[in-house]
Amino acid sequence: MEIQLRKIAGLLEGAVIGDDTVMINNVRGIDEAGNGDITFIANPRYRHKLEYTGASAVLVSPTIKESTKNLVVVQDPYKAFARLLGLFYPEDQETPGISDQVFVGEGTEFGENTTSYPGVYVGRGVRIGKGVVLYPGVCIGNNVEIGEDSILYPNVTVYRKCRIGKRVIIHAGVVVGSDGFGFTDPGRENRKIPQVGIVQIDDDVEIGANTTIDRGTLGKTWIKRGTKIDNLVQIAHNVVIGENSIVVAQVGISGSTKLGNSVVIGGQAGIVGHIEIGDGVMIAARSGVHEDVSSGQIVSGAPHMPHQKWLRTQACIGQLPDMRRTLKYIEEKIEALEKQNKA
Amino acid sequence: MEIQLRKIAGLLEGAVIGDDTVMINNVRGIDEAGNGDITFIANPRYRHKLEYTGASAVLVSPTIKESTKNLVVVQDPYKAFARLLGLFYPEDQETPGISDQVFVGEGTEFGENTTSYPGVYVGRGVRIGKGVVLYPGVCIGNNVEIGEDSILYPNVTVYRKCRIGKRVIIHAGVVVGSDGFGFTDPGRENRKIPQVGIVQIDDDVEIGANTTIDRGTLGKTWIKRGTKIDNLVQIAHNVVIGENSIVVAQVGISGSTKLGNSVVIGGQAGIVGHIEIGDGVMIAARSGVHEDVSSGQIVSGAPHMPHQKWLRTQACIGQLPDMRRTLKYIEEKIEALEKQNKA
Amino acid sequence: MEIQLRKIAGLLEGAVIGDDTVMINNVRGIDEAGNGDITFIANPRYRHKLEYTGASAVLVSPTIKESTKNLVVVQDPYKAFARLLGLFYPEDQETPGISDQVFVGEGTEFGENTTSYPGVYVGRGVRIGKGVVLYPGVCIGNNVEIGEDSILYPNVTVYRKCRIGKRVIIHAGVVVGSDGFGFTDPGRENRKIPQVGIVQIDDDVEIGANTTIDRGTLGKTWIKRGTKIDNLVQIAHNVVIGENSIVVAQVGISGSTKLGNSVVIGGQAGIVGHIEIGDGVMIAARSGVHEDVSSGQIVSGAPHMPHQKWLRTQACIGQLPDMRRTLKYIEEKIEALEKQNKA
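In the order they appear, the protein sequences are chains R, B and G. In this text, residue positions in the first sequence follow the working numbering: the first is 6, and each later residue adds one. In this text, residue positions in the second sequence follow the working numbering: the first is 6, and each later residue adds one. In this text, residue positions in the third sequence follow the working numbering: the first is 6, and each later residue adds one.
One or more of the hints may lead you astray.
Which copy is meant is left open, so a pair is good if it fits within one copy or across any two.
As the list claims (entries may be wrong) - Mimicking DMTMM-like on lysine to aspartate or glutamate, the simulated pairs with C-alpha atoms at most 25 angstroms apart in a straight line are:
| # | residue 1 | residue 2 |
| --- | --- | --- |
| 1 | LYS166 | ASP154 |
| 2 | LYS197 | ASP154 |
| 3 | LYS12 | ASP24 |
| 4 | LYS338 | ASP327 |
| 5 | LYS197 | GLU37 |
| 6 | LYS263 | GLU248 |
| 7 | LYS166 | GLU117 |
| 8 | LYS54 | ASP81 |
| 9 | LYS54 | ASP297 |
| 10 | LYS166 | ASP36 |
| 11 | LYS12 | ASP25 |
| 12 | LYS347 | GLU336 |
| 13 | LYS84 | GLU194 |
| 14 | LYS54 | GLU296 |
| 15 | LYS263 | GLU296 |
| 16 | LYS197 | ASP284 |
| 17 | LYS347 | GLU337 |
| 18 | LYS263 | GLU150 |
| 19 | LYS333 | GLU343 |
| 20 | LYS54 | GLU37 |
| 21 | LYS225 | ASP97 |
| 22 | LYS166 | GLU37 |
| 23 | LYS314 | ASP327 |
| 24 | LYS225 | ASP190 |
For the record, the hints were derived by calculation from the structure and aren't laboratory data. Note that the structure is a prediction, hence the values are computed from the model and not measured.
My request is simple: use the sequences and hints to build the entire structure.
So this is what it looks like as structure tokens:
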């Protein structure tokens, strides 16, 4: 595909500074971009790269007003870049159809234009919405519902009765609806508590590879609309995650914890069970959250504390050996002063 | 299903206080329960909810003696609740049979009443006990043994020669018997050390989704009877875990470490290789355990320390900025005192 | 298999001290070894076990010169042990062939002597090198390349266009090429940024069970020659890992971070995005690395610091309650001294 810069600017509602007739045929990172490429500067930190890039054009924010390079000035260069990725790299179109190597249980219904690859297993009484794509090795338990235009990548497992919304993307190896981890008298009797609830995943959620989401003991584990979960995340029974939240890789959330909307959790953080995290909370990577966090807070550390306090505390940690030396020195001084006073 | 409260009390060996003729048709959490539901109070913290619940009956411990609600007094309300879950939500009965879309290798034997779904692969010389259920996408290597009434959920992989006991539950995506991580001269030569041992999983073990258990270099990696392992746990080569232990999600246990019976390990904890953890040890979530821990200890922190010490230490960490300020203040005071004394 | 000790010594270029005619039929750990077994002592710490082992022969380093046991003196007993494992436990030979229960897309080519088990799915335009083994449940997306003699264990997923080198070993459940975790305005808008790059895995890499490696947003995520990655590791979009590195289980590496050659990362460590880690860096288990680390450094802690400094700091942490008490004691002393001076 080759598009004139003028036309790209039109699509992005941006203004060209420089030659708007150059032809663009790819989008690339600023270090790799060359002749025919368009690139972007989203972070002011990289502004110095503008003059050195080999790109034929650069998406920039309105703060950049001139350059020897051809510029496309847009409100948000990163979003504009994301749109161009979609333009230059359109998704592979699936040819809809259900392979004759798919196993389909009794009473199961597929909507129009669904795609189901060889090696898919779909149980009894399942409802698959129109436009859904099921890749090889996907296994759908009995009485599951999957909303329209959702995509399940290879080797995803969805246990019985779980409900998945529309336009949900589930990456390879994800497990939805495995039993919650519940035993009576743990460490001694370890008798299994039946896990009879479900998992509900609302519209526009995306779930990263090999993440696990356990079913509720009773009721449901619930991921609300627009939330995005990265790879290898653990979500325990009866957890609720609000709308538009972000959960980075390898986070673990323990049973029955409720998160608000627009919560952002950094990688490898852990959250104990039975607590509440308010709307808009930000939890730094590797934090250990052990009690409720009210809306809008930013927390860090394990055990967690307000982020500003954590910064001050961390600054002290590296100075501990110095502090200990000073303490010893002061003890000696005091002993000397006491002797003097007695003398 | 609808059962009279009197009959439920009989099953649970409990005593009704109130109307024992009410009809019960479901079990629910105390906040959601309504007319026709039975619920429970296991934690005294939630006792105040007793009068507000909409439930028709409540399982309580003998410490609660009266209420406007119908009560069933039992020794352990949580265990009674677990039993009622099994009663009101009986497991789906599988129709035993081996799908003709299962691949079965030479010399492999299935016991009576086994269930094997389409898309299962079973290698050569495998022994599958009676009543075993293999879900779609399960792959069993050559010469594996699986004991009776075990359940392997979809997309589980068991490598060659591993041995799985009776009534074992293995959730979706689990990998049993992958190669241990062993290389000569790591970081330079990285030559692979053949991993020729196995994994042995004893009776009544449960393993959570996407957990990985590596085979022994020689000998075996061994999970003993009754131990329950949560999701996304890593168990390295030649680890031994004793009986009735509990390993919460995302824990990692390094090579050749031996754990005793009834060990409880909180989520995201890590344990180094070649150490011993005694019986009944409790390891707090997110701990990093770097050396032997003797029986009965409770440890926390990374690096770990006795839990009581850790509590005292953590109390100080938040006060570090204060301590540093005090230290500075004292230094000034001492300087002043020294000047005075010289004067 | 039974081999005379003399012949084993010849293979290992070692010298026998003792009876070189004994017959050896197995290799075992020093505690388990008995009659007919050969074992090894690699770590001087275990030298005392030499006289107690039941083994018929022991691989030792040149520092051990005599014993009542038959010795084979070699330069590196651990490497010699690794070679003997390969000798006594030869790998199962696969019978090459492509099962008729494999789905193969249009334009896909298989080299000679490839093995493809039932239940494998291979998309369009894929190139599979000679000698490659694909186990059941493996799913290969369109236009993927796999170099000769690579092994993909069961239920591995490789997304479209990814490139895998020669002699690569990928354990069960691994996901290669899932979408990177990229959204505009995270926590608010969460609009997906198309992930149009690939993953490239070079020759002689090994990847542990259920590890996930995301494709680049643009360009590639790249694992270079000879690097070994353990189980449940998360590697984000556009990460580059140099040659011969070691990444232990449950490590997470965030987007666009570049690692040098021969880097060693301990288990459960986390590395933030967009930083550079130099050649030969060692990162201790459970570290949190938040900024560049120059070549040859050893770092520990979260946030990380030089390992020596971390050791000194940790020594203080356990003494914090003591330090706080001392501080209080000093404050009182000073007050007393000030009173005295005023009096």
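Cross-check of the supplied hints:
1. Taking identical chains as interchangeable, the C-alpha atoms of LYS166 and ASP154 lie at most 25 angstroms apart whether they share a chain (19 angstroms) or sit on different chains (23 angstroms).
2. For the identical chains of this complex, LYS197 and ASP154 are inter-copy neighbours only, at 15 angstroms across copies versus 37 angstroms inside a copy, given an alpha-carbon limit of 25 angstroms.
3. Taking CA atoms no more than 25 angstroms apart as the test, LYS12 paired with ASP24 passes inside one copy only; the shortest distance there is 12 angstroms, against 78 angstroms between copies.
4. Both within a single protomer and between protomers do LYS338 and ASP327 lie at most 25 angstroms apart by alpha-carbon distance, with minima of 16 angstroms and 19 angstroms respectively.
5. For the homomeric pair LYS197 and GLU37, the shortest alpha-carbon distance between copies (23 angstroms) is at most 25 angstroms, but the shortest distance inside one copy (55 angstroms) is not.
6. Taking the shortest alpha-carbon separations for LYS263 and GLU248, only the intra-copy value of 12 angstroms comes in at or below 25 angstroms, while the best inter-copy value is 33 angstroms.
7. When the C-alpha separation of LYS166 and GLU117 is checked against a cutoff of 25 angstroms, the pair qualifies only within one copy, where the shortest distance is 22 angstroms, while the shortest distance between copies is 28 angstroms.
8. Only within a single protomer do LYS54 and ASP81 lie at most 25 angstroms apart by alpha-carbon distance; the minimum there is 18 angstroms, versus 51 angstroms between protomers.
9. Taking the closest pair of Cα atoms, LYS54 and ASP297 come within 25 angstroms of each other only across two copies (20 angstroms); inside a single copy the shortest separation is 44 angstroms, beyond that limit.
10. Proximity of LYS166 and ASP36 under a CA criterion of 25 angstroms is satisfied inter-copy only: 22 angstroms between copies versus 49 angstroms inside one chain copy.
11. In this assembly of identical chains, the alpha carbons of LYS12 and ASP25 lie at most 25 angstroms apart only when taken from the same copy (8 angstroms versus 78 angstroms across copies).
12. Within a single copy, LYS347 and GLU336 get their C-alpha atoms as close as 17 angstroms, and across copies as close as 19 angstroms, so both meet the 25 angstroms cut-off.
13. Taking the closest pair of Cα atoms, LYS84 and GLU194 come within 25 angstroms of each other only across two copies (11 angstroms); inside a single copy the shortest separation is 54 angstroms, beyond that limit.
14. In this homomeric assembly, LYS54 and GLU296 come within 25 angstroms of each other (Cα to Cα) only across copies, at 21 angstroms, whereas the closest approach inside a single copy is 45 angstroms.
15. Proximity of LYS263 and GLU296 under a CA criterion of 25 angstroms is satisfied intra-copy only: 11 angstroms inside one chain copy versus 32 angstroms between copies.
16. For a Cα distance limit of 25 angstroms, the shortest separation of LYS197 from ASP284 across copies, 21 angstroms, qualifies, whereas the shortest one inside one copy, 34 angstroms, does not.
17. Taking the shortest alpha-carbon separations for LYS347 and GLU337, both the intra-copy value of 15 angstroms and the inter-copy value of 17 angstroms come in at or below 25 angstroms.
18. Taking the shortest alpha-carbon separations for LYS263 and GLU150, only the intra-copy value of 24 angstroms comes in at or below 25 angstroms, while the best inter-copy value is 42 angstroms.
19. Within a single copy, LYS333 and GLU343 get their C-alpha atoms as close as 16 angstroms, and across copies as close as 17 angstroms, so both meet the 25 angstroms cut-off.
20. In the homo-oligomer, the alpha carbons of LYS54 and GLU37 lie at most 25 angstroms apart inside one protomer (12 angstroms), although the nearest pairing across protomers, at 58 angstroms, exceeds that limit.
21. For the homomeric pair LYS225 and ASP97, the shortest alpha-carbon distance between copies (19 angstroms) is at most 25 angstroms, but the shortest distance inside one copy (35 angstroms) is not.
22. Taking the shortest Cα distances, LYS166 and GLU37 sit within 25 angstroms of each other only across copies (20 angstroms), while inside one copy they are farther apart (48 angstroms).
23. Taking CA atoms no more than 25 angstroms apart as the test, LYS314 paired with ASP327 passes in both settings, with 20 angstroms inside one copy and 11 angstroms between copies.
24. Proximity of LYS225 and ASP190 under a CA criterion of 25 angstroms is satisfied intra-copy only: 23 angstroms inside one chain copy versus 29 angstroms between copies.
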